[in-house]
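Protein chains: 2
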Amino acid sequence: MDERALKEIVREIIGTEQTLDDCAVLSCNDRLLVATTDMLHETTDFPEGMTDWQIGWMSAAVTLSDIAAMGARPALVLLAVGLDRGERIREILLGAKACCDSCGAVLAGGDLDAHQELTIVSSGIGFAVGGKVIRRRGAVPGDLICITGPLGRAQAALDGYSCYERYLFEPVPRVSEGERLASAGTSSMMDISDGLVLSLYDLLDANECGYSIDSALLPLLEKVPPEKSREYALFGGGDFELLFTCPPEHLPVPDLDSYMVGRVIRDHTVLVDGKVAEYRGYLHRWT
Amino acid sequence: MDERALKEIVREIIGTEQTLDDCAVLSCNDRLLVATTDMLHETTDFPEGMTDWQIGWMSAAVTLSDIAAMGARPALVLLAVGLDRGERIREILLGAKACCDSCGAVLAGGDLDAHQELTIVSSGIGFAVGGKVIRRRGAVPGDLICITGPLGRAQAALDGYSCYERYLFEPVPRVSEGERLASAGTSSMMDISDGLVLSLYDLLDANECGYSIDSALLPLLEKVPPEKSREYALFGGGDFELLFTCPPEHLPVPDLDSYMVGRVIRDHTVLVDGKVAEYRGYLHRWT
Numbered sequence: 002m003d004e005r006a007l008k009e010i011v012r013e014i015i016g017t018e019q020t021l022d023d024c025a026v027l028s029c030n031d032r033l034l035v036a037t038t039d040m041l042h043e044t045t046d047f048p049e050g051m052t053d054w055q056i057g058w059m060s061a062a063v064t065l066s067d068i069a070a071m072g073a074r075p076a077l078v079l080l081a082v083g084l085d086r087g088e089r090i091r092e093i094l095l096g097a098k099a100c101c102d103s104c105g106a107v108l109a110g111g112d113l114d115a116h117q118e119l120t121i122v123s124s125g126i127g128f129a130v131g132g133k134v135i136r137r138r139g140a141v142p143g144d145l146i147c148i149t150g151p152l153g154r155a156q157a158a159l160d161g162y163s164c165y166e167r168y169l170f171e172p173v174p175r176v177s178e179g180e181r182l183a184s185a186g187t188s189s190m191m192d193i194s195d196g197l198v199l200s201l202y203d204l205l206d207a208n209e210c211g212y213s214i215d216s217a218l219l220p221l222l223e224k225v226p227p228e229k230s231r232e233y234a235l236f237g238g239g240d241f242e243l244l245f246t247c248p249p250e251h252l253p254v255p256d257l258d259s260y261m262v263g264r265v266i267r268d269h270t271v272l273v274d275g276k277v278a279e280y281r282g283y284l285h286r287w288t
Numbered sequence: 002m003d004e005r006a007l008k009e010i011v012r013e014i015i016g017t018e019q020t021l022d023d024c025a026v027l028s029c030n031d032r033l034l035v036a037t038t039d040m041l042h043e044t045t046d047f048p049e050g051m052t053d054w055q056i057g058w059m060s061a062a063v064t065l066s067d068i069a070a071m072g073a074r075p076a077l078v079l080l081a082v083g084l085d086r087g088e089r090i091r092e093i094l095l096g097a098k099a100c101c102d103s104c105g106a107v108l109a110g111g112d113l114d115a116h117q118e119l120t121i122v123s124s125g126i127g128f129a130v131g132g133k134v135i136r137r138r139g140a141v142p143g144d145l146i147c148i149t150g151p152l153g154r155a156q157a158a159l160d161g162y163s164c165y166e167r168y169l170f171e172p173v174p175r176v177s178e179g180e181r182l183a184s185a186g187t188s189s190m191m192d193i194s195d196g197l198v199l200s201l202y203d204l205l206d207a208n209e210c211g212y213s214i215d216s217a218l219l220p221l222l223e224k225v226p227p228e229k230s231r232e233y234a235l236f237g238g239g240d241f242e243l244l245f246t247c248p249p250e251h252l253p254v255p256d257l258d259s260y261m262v263g264r265v266i267r268d269h270t271v272l273v274d275g276k277v278a279e280y281r282g283y284l285h286r287w288t
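Each protein sequence line maps, in turn, to chains A and B. According to this note's numbering, the first sequence is numbered sequentially starting from 2. According to this note's numbering, the second sequence is numbered sequentially starting from 2.
Okay, chain A solo, but in the shape it has when bound (with noise of 0.2 Å):
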C-alpha cells in the first residue's frame, strides 16, 4: 500500500480538510488553537553522527516549525519517547528543552516507554497571533512564492559540507518569522522539510493554482557550486525554512529576510524554469 493510498484512507475517515495542513485547529474562546504531533525513528529520521542533545532539539524542532508554519505561537510540546537504552533520556530531554526554550515554549511533559529502536512522538500546542492562522490552501495567481532563507543547508551537509552541519544537526523552527508572516497578508505557508518541490507538490494538493519556480532566483550556498546548489534546493532534504505565498504588494515584510523565488500560476502545476517538475524529493532514508 503507498503514501497515497493510505492518505486517501485517512482522509476518508477523518476528512480531507482536517489532513490539509501539519496542524489541526480548534477554536479556543476568541483564539485559535493549533494542535500538531510527529514520529520520529532513529534509523529513518536521525542523520548518522547526531547526538542525543540533537535527537531532542530536532524531535522538538520538527513540532514547533508545523505551529511556526500555522503563523502560530507555539506554548507547549510533549515528548513520548520510546527508549532503547534508559540513559539516553537525559541528553535527549535537554536537547528538547533547550529548543523549546528558545521559541518560548514549555516542555511540559509527556510519556516513557522502552522500544527496540529509538522512537520519539513529539506533539505540540500553539495558539494563533492576531486570530487567525494560515494554511496551505489560500494562494492565488499573481502571489509570489518566497522563501524564508536559503535552501539545501541540510542536504549540503548530509553531503559531505561540514560547515553546514548545524543546520542538518540542530534546525532552527522559525518561529517569529511565522508570526511576522501571518500579520503581513501571507496568503498560504507551510514549512518545507523535503525540499522545494516536494513541498510545492504538497501546496498543490490544498490549492487550485499552480507554482512557477525560477531557478535562478534561489540563493545559492558559499562554498557549494552553483548547480549542486540548486539541486540541494529544490530536491534535498532536512530545511526548515518557511514557504510562503503572498500578494506583490505586501513585500517586502518589515524586519523579515525573504527571497522571492516564483510566482503562482493558474494552471494546476508545478513548474521549474517552465517545465514541469520531477516529483522527487528528500525520501526520509538518511544515510
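Don't read these hints as lab results, they were simulated from the structure. Treat the numbers as computed from the prediction; the structure is a model and nothing was measured. The beta-carbon is built from N, C-alpha and C at its ideal position, and this holds for glycine as well. Check the hints yourself; a few may be wrong.
[Unchecked claim] Label-pair distances were calculated between CB atoms; the ranges are:
no.	chain 1	residue 1	chain 2	residue 2	range
1	B	Thr17	A	Pro227	52 to 60 Å
2	A	Ser177	B	Asp31	22 to 30 Å
3	A	Pro253	B	Asn30	29 to 37 Å
4	A	Pro253	B	Thr17	26 to 34 Å
5	A	Asp31	B	Leu252	47 to 55 Å
6	A	Gln117	B	Val141	43 to 51 Å
7	B	Ser103	A	Asp31	25 to 33 Å
The hints should help you fit chain B onto chain A, whose structure is shown.
Chain B only, in chain A's frame:
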C-alpha cells in the same frame, strides 16, 4: 536504569510539578487546557486477540481517560501511527474515531510512518469544566477513597473470564463521570490502569497523606471467586475506572455510581486491611 531513576531524570529536567499528573495544564484565557500523550506498542500494550478496530479504540481511550481523570472535557485527539502494514490503518482509525465520537472529541489528525512493530502515540487536548482541574495532589486525611466502578474486569478477561472481554478490549473512558466529579468537590483524582494498589502508590507520590483500603468494600465481580475478584481489583491491569478522594459530606455525587473503598489517612503509606500493601501491579506485559 530502572523506572524510578528515569523518573528522577525527567523531574530534574522538566520539573516535578509537571510530572505528577497525566496531563499538562495550561492557562488559556479564562479556561484551563489539559494536554496529554501516550505511547502504545503492539507487543506490550495490546492484549492478544484484539482487532485493529479495538487497537484504535484503545489508543484513543487511554488519552481520553487521562483527560477525564483531570475532570476535563476532551476536545481533540491526534494519532501518530507507526504502521507495520498499511492495510491496518483503516480499522485503527475507525476504532479511534468511534471512541473519540463517544466522548464528544474530534479525531483531528496525526502522523503516519512505517515501523517494524505497530506503535501508536495518541495525544489529546481537553478543557477543564468550571475553570478547575482535579489533580493527583489534594487529598487530606479523613477524605473517602472511591472508585467509579467495579475493578478487575479487564484482568478477569485476561485470565479467561470471557464475559469480561469487552472491558479489556473496548475500555470506556469515564468522561462524564470525571466532569461530574470535578464539579462535586472531589479533592484528588486519577485513572486506574495497573491496579488499585499501584494507583494508590502513584497518589502517595504526589501527596503528604496515605491511603487505607478495606478490601471487603471492593465490589465483587460476578462469576469470579471472591478472593480472585479482590486480587484482580487490587493488582490487576486494564481497568479504566476513576479513583478519587473527597470529603465524606460530598458523597453521594448526584447521578454517579461510585464505591467507597477506604479512607485517606495521616501516615504516608498504602494499607490494605491494615497492612502495608505490596508494591505490585500490572506490569504492561500482556500475555
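How the hints compare with the structure:
{"no.": "1", "hint": "B:Thr17 / A:Pro227: 52 to 60 Å", "verdict": "holds, 54 Å"}
{"no.": "2", "hint": "A:Ser177 / B:Asp31: 22 to 30 Å", "verdict": "holds, 27 Å"}
{"no.": "3", "hint": "A:Pro253 / B:Asn30: 29 to 37 Å", "verdict": "holds, 34 Å"}
{"no.": "4", "hint": "A:Pro253 / B:Thr17: 26 to 34 Å", "verdict": "violated, 47 Å"}
{"no.": "5", "hint": "A:Asp31 / B:Leu252: 47 to 55 Å", "verdict": "violated, 39 Å"}
{"no.": "6", "hint": "A:Gln117 / B:Val141: 43 to 51 Å", "verdict": "holds, 44 Å"}
{"no.": "7", "hint": "B:Ser103 / A:Asp31: 25 to 33 Å", "verdict": "holds, 29 Å"}
Violation of the numbered hints given earlier is confined to hints 4, 5; the remaining hints are satisfied by the structure.
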